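**Q** Chains as they are written, first to last, in my numbering: chain X, 1 to 390; chain Z, 1 to 236; chain U, 1 to 105.
These are calculated hints, taken from the structure and not from any lab test. Keep in mind it's a predicted model, so treat the numbers as computed, not measured. Ideal Cβ positions, reconstructed from N, Cα and C, are used throughout, including at glycine. Where hints are given, some of them may not hold.
One side only, chain U facing chain X, incomplete, derived with CB under 7 angstroms [stated by the list, open to error]:
(1) M1
(2) R3
(3) L9
(4) F12
(5) L16
(6) S30
(7) D38
(8) Q40
(9) A44
(10) T49
(11) I51
(12) R58
Residues per chain are reported as follows:
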Amino acid sequence: MSADKHINILDFTIQSLLRRKFKNAGIILVFSFVIFIAGSILFLSYSFKREAVLILKDAPELIVQRTLAGRHELIPEKYAEIIARFPGVSDVSPRYWGYYYDSLVKANYTVISADRSLQTSNRLFRGQMPGEGDFGNAAIGRGIARARFIDIGDDVSLIAADGKVMDFRIAGIFESESELLTSDLIVMSRQDLSRLFGFPGGVATDLSVSVSNETEAPVIARKIRDRFPDTRPILRSEILRTYDAVFGWRSGLILTLFAGAMIAFIILAWDKATGLSAEEKKEIGILKAIGWETSDILEIKFWEGLVISLTSFLTGIILAYLHVYFLGASLFAPALKGWSVIYPEFRLAPFINMYQIATLMSLTVIPYIASTIIPSWKASITDPDEVVRG
Amino acid sequence: MKETGIIKTEALTKYYNRGKANEVLALRDVTMDIRRGDFTVLKGPSGSGKTTLLSLIGCMTRPTSGTLFVEGRDISHLPERFLTDIRRKTFGFIFQQFHLIHGMNVLQNVMMPLYPTDIRISDLRSRAEAILEGLGMSKRRDFPVQGLSGGEQQRTAIARALINDPDIILADEPTAHLDTALSDEFMAIMRDFRQKGKTVIIASHDPLVYEKEYIDLLVEMRDGQIRNLCCNSPDR
Amino acid sequence: MRRSSFFFLYVFFCLLVIGAIVFWSEREGSRFIAKSPDLQEITAVLRLTDISFSHDARYTRHPSQADLFSAFQDYPGSIDHFPSGSVTAPPDFSLLSTRITVRKR
Ligand SMILES: Nc1ncnc2c1ncn2[C@@H]1O[C@H](COP(=O)(O)OP(=O)(O)OP(=O)(O)O)[C@@H](O)[C@H]1O
Ligand SMILES: [Mg+2]
């Protein structure tokens, strides 16, 4: 067995493709672009989901919000004591946090209080985390540091709810590698936070509930709702599912934006699939007349489909990868993130789902090859004598 | 031992669109015998079935009834794979319209019949170059075929027919697009082949072709039938 | 060189690049996983619920905690924030198996 025959046919096929350089280059271009878009979306959404799942692995199992007139409302701290006595609940801690709109840079910060400190070995935080009663100190995320041009040791003034200016010394800063989590955070003591926001006494933003057995979380959530009908428990699994939904939605949105390219490509493929030109039919007849077998003709078509689709697929998928992981998905970022003052600057970790890529490949390369082979089937089995008479 | 013809037909009949309203009887009861090395011309008015007979002989289509022997082998019922194989190994075709593949150059057109074989491409190339050389076409080797003159196109077509070193050369109205000088040149090339022992079969209604004195067998056709067989060779 | 060789060369080149990509991805991925305990500690200590992804409006900052209807929150003239605001789906509550019973009086 020798492969010479097949290589020869491939040679002939490429020669034949080169005759219609612009048309075939156009097909490869559009095809690559479609793969590029679809590949970018797959890379992007998969990486985000994986990162979100990893980052939020130790998020609170259950958050209990209070609602008033359908809106989020501060929750009385005494709810916590009652919930803590529910069987299966191992800990209930009130969370104190809120949004601060900085009119200076027109950005929203997330102000949050910490009651514990990070381990000193944590490489993603530098300096001091302001704890209970630690007045006048704050730790900030990189996004804020960039927006306000401040760093550790600098001062930042915020305007409190009563209109008075509060000054904070930056005691700690989150390293940029944690930006996807911390970019817009200002951490301060609970007392400072209460003053900044003008919290009345005895209330928290919401409650974070730990359960001893995570599978029981939904049951406990239901119990909390039964006991406090004005609350809204949010499960961690739902948080993660929210991210799934968010990125699913936004991927869909991007896909919609590029639907034009997809449709153009489908029309192109359809055009090829629905019929050979008279010229192509004639060429097939000539080849048969001079001694090519039906299977040889089909092999040309196979190679033709493979050359175009494989070239496009490989090109598109490589470009998609570079786009997402080296250029920060700059083409899609506006549609994914939305407008913002403090963009988190982060580089996605390149998590790749081979299964998705293989699916993308089999959904594009194989149908394309089929759509080049099938229409020439009929032409390749007819007798070549039609051609002889010209 | 009786020498059998290289091509032998027995009551060869060909219908087009059999059983339909537009049924045509293109060939009726054609029986003839062409011997190895014969220079044969099929002559007849338009529609007389010359092309049909030629494509039957060349295994491009199958007879409706009757038998056809090529090199002693009954091929009327062979599956299409074998027909292709015979086409590739035994026949060289020169078509009326040349039927070159546009966009490719002369050399590629000549090499074309043997691409789907295990021949080394470098061998194939040198073989094609040698044939083009023999036809005086070397300087046109890398020209795209659509830019060639009629005579050059035909010589390209001839070279393509020769690439597989066929025993039988079939030509359908080869002089239809050529002036007298080129037609004579073509006939000279064909005569050369006969000298080399190849069997040549030409379908034509051009006197420049069928009036040549070196023709061994002149087959006159009309309405799908042989009207007259006329042999020049003394031993027939 | 034969034309088919160009094709094989290109495919080979692409496969090399993909090989490099896979290698690089493995390395960067495991680097991320290596630093993720630090990230997870931040999440746990601050009890964070959301990644810091869209802060164009406060209701887009914590999509999992947002009020269900909260467009135009920042100031009356603010347009809804596209795309983060418009396509953020609220959490799915089906897991809570909350039953709504309508009692007849
Ligand atoms: N594919 C076909 N379908 C139907 N009829 C056909 C077909 N091919 C040939 N015929 C008919 O068969 C008859 C013989 O045709 P053929 O082409 O063999 O004649 P010819 O002698 O080669 O004529 P010409 O000198 O014009 O080339 C004609 O009546 C023609 O119309
Ligand atoms: Mg004819």
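**Q** Look at each hint and say if it fits the structure.
**A** Going through the hints against the structure:
1. M1: Result: violated, 11 angstroms to nearest chain X Cβ.
2. R3: holds, 4 angstroms
3. L9: Violated - the Cβ of L9(U) stays beyond 7 angstroms from chain X, reaching only about 12 angstroms at its closest.
4. F12: violated, 10 angstroms
5. L16: violated, 10 angstroms
6. S30: Violated, about 9 angstroms.
7. D38: holds, 5 angstroms
8. Q40: It holds, given that the least Cβ distance between Q40(U) and chain X is near 4 angstroms, below 7 angstroms.
9. A44: holds, 4 angstroms
10. T49: holds, 5 angstroms
11. I51: Nearest chain X Cβ about 5 angstroms off; hint holds.
12. R58: holds, 4 angstroms
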